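*Asks:* Following the hints, put chain R in place on chain B, whose structure we already have.
Now for the letters of each chain:
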Amino acid sequence: MRGMPRILAVCFALLFLSSACASSRDVIILLPDEQGKTGAIIVSGEGGEQILSEPRQAVSVKPGTAPGKPFRMPEKEVRTLVGPALEALPQPPIQFILYFEHDTARLTGKSAKQVDDVLRTIRERAPVDISVVGHTDTLGSRKYNYRLSLERAQAVADILTAKGVDPSIIDITSHGKDNPLIPTGDQVAEPRNRRVEVTVR
Amino acid sequence: MKPPLLGVFLLVASFVLAPGIDAAARETIGMVRSSEGVATVTRGEEVLQATPGTKLLAGDILGTGPDATLGVIFRDNSTLSLGPESNLVIQEFLFSPAEGKLGLLARITRGSMAYLSGLIGKLAPGSARFETPTATIGIRGTRFAVKVGTPGSR
Numbered sequence: 266m267r268g269m270p271r272i273l274a275v276c277f278a279l280l281f282l283s284s285a286c287a288s289s290r291d292v293i294i295l296l297p298d299e300q301g302k303t304g305a306i307i308v309s310g311e312g313g314e315q316i317l318s319e320p321r322q323a324v325s326v327k328p329g330t331a332p333g334k335p336f337r338m339p340e341k342e343v344r345t346l347v348g349p350a351l352e353a354l355p356q357p358p359i360q361f362i363l364y365f366e367h368d369t370a371r372l373t374g375k376s377a378k379q380v381d382d383v384l385r386t387i388r389e390r391a392p393v394d395i396s397v398v399g400h401t402d403t404l405g406s407r408k409y410n411y412r413l414s415l416e417r418a419q420a421v422a423d424i425l426t427a428k429g430v431d432p433s434i435i436d437i438t439s440h441g442k443d444n445p446l447i448p449t450g451d452q453v454a455e456p457r458n459r460r461v462e463v464t465v466r
Numbered sequence: 257m258k259p260p261l262l263g264v265f266l267l268v269a270s271f272v273l274a275p276g277i278d279a280a281a282r283e284t285i286g287m288v289r290s291s292e293g294v295a296t297v298t299r300g301e302e303v304l305q306a307t308p309g310t311k312l313l314a315g316d317i318l319g320t321g322p323d324a325t326l327g328v329i330f331r332d333n334s335t336l337s338l339g340p341e342s343n344l345v346i347q348e349f350l351f352s353p354a355e356g357k358l359g360l361l362a363r364i365t366r367g368s369m370a371y372l373s374g375l376i377g378k379l380a381p382g383s384a385r386f387e388t389p390t391a392t393i394g395i396r397g398t399r400f401a402v403k404v405g406t407p408g409s410r
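Chains as they are written, first to last, in our numbering: chain B, 266 to 466; chain R, 257 to 410.
The shape of chain B in the complex, shown without the other chains (with noise of 0.2 Å):
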């Protein structure tokens, strides 16, 4: 008689095994994002979908299975589920917008100062990818443009390393007038397309 419960009590750890098995299951998370924001994504598994579209709206999916109907997940199941791979999570870049005065590849007294937080930046992520992107405004020819924007973006890259950022990380493009910031029609004079957009990655 004594043998019966353990044997039982085994046939139910099977038992219990088997079908924690035969459900496993994937669930997927939508969080918001460091602004708060939180956008939608569309979970799909055999034979129908579900839009998740709220902070901390889960859905589990079973093999061969629809998704389940989306649960709000407690913050503190998210951080035993995920907690590891969202701390793991890397930082988004950071893009700084360098402005010019007009027709020059000098910086805005502003901007100059600005130059800082870039370098702080670069050094606080290190190691890093940086990006210098020059623009311009729409006033003048495309290719004179062209070629100011590269002076804007090169000026940029100079200041960068005469403080000692090494010039192979940094990629040096110019976009000329095709890509203002502030759309605007040809032959605009508009300062806030007189820009150098540096992305530190």
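Hints may contain errors.
[Stated by the list, open to error] Looking from chain B toward chain R, a few residues come up when the C-beta cut is under 7 Å (computed):
| # | residue |
| --- | --- |
| 1 | 298 |
| 2 | 346 |
| 3 | 349 |
| 4 | 350 |
Hints listed in this document are in silico derivations from the structure and should not be mistaken for laboratory results.
A quick note: this is a predicted structure, and the numbers were derived from the prediction, not measured.
By construction, the Cβ of each residue, glycine as well, lies at the ideal position given by its N, Cα and C atoms.
*Replies:* Chain R only, in chain B's frame:
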């Protein structure tokens, strides 16, 4: 005399041609930002230690051991991470906004991951997709996480 010459020619040709083809077809799609514990990038037969700065190519398999994590950043400014004991294949990564070629397809086969969408998601919503053993995830934005093979009943 003929066979050795042909052999030498082929050997030289493969050295001269292969890097060019390789570089054109397989450009860098991102790089490792952080890693802890045993994290690897598997490229064909090659298994590389994933350390900050390791460059990534389409087709790479990312892997982590027990207690390990890995964080990567892609050229479209999206970021991806793996928790411990995870495997993920980057099947496709296209980022040429000027030509309208945008896309990401990755498959997680075990473990856990998180993703924060970038320019591909912004410029071409729906062209970034992740697959798990049981589901496909289409991304409109912005941050989500996946755990593969969770026991339980919910």
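*Asks:* Each hint needs a verdict: does it hold in this structure or not?
*Replies:* Right, here's what the structure says about each hint:
no. : hint : result
1   : 298  : 4 Å, holds
2   : 346  : 5 Å, holds
3   : 349  : 4 Å, holds
4   : 350  : 4 Å, holds
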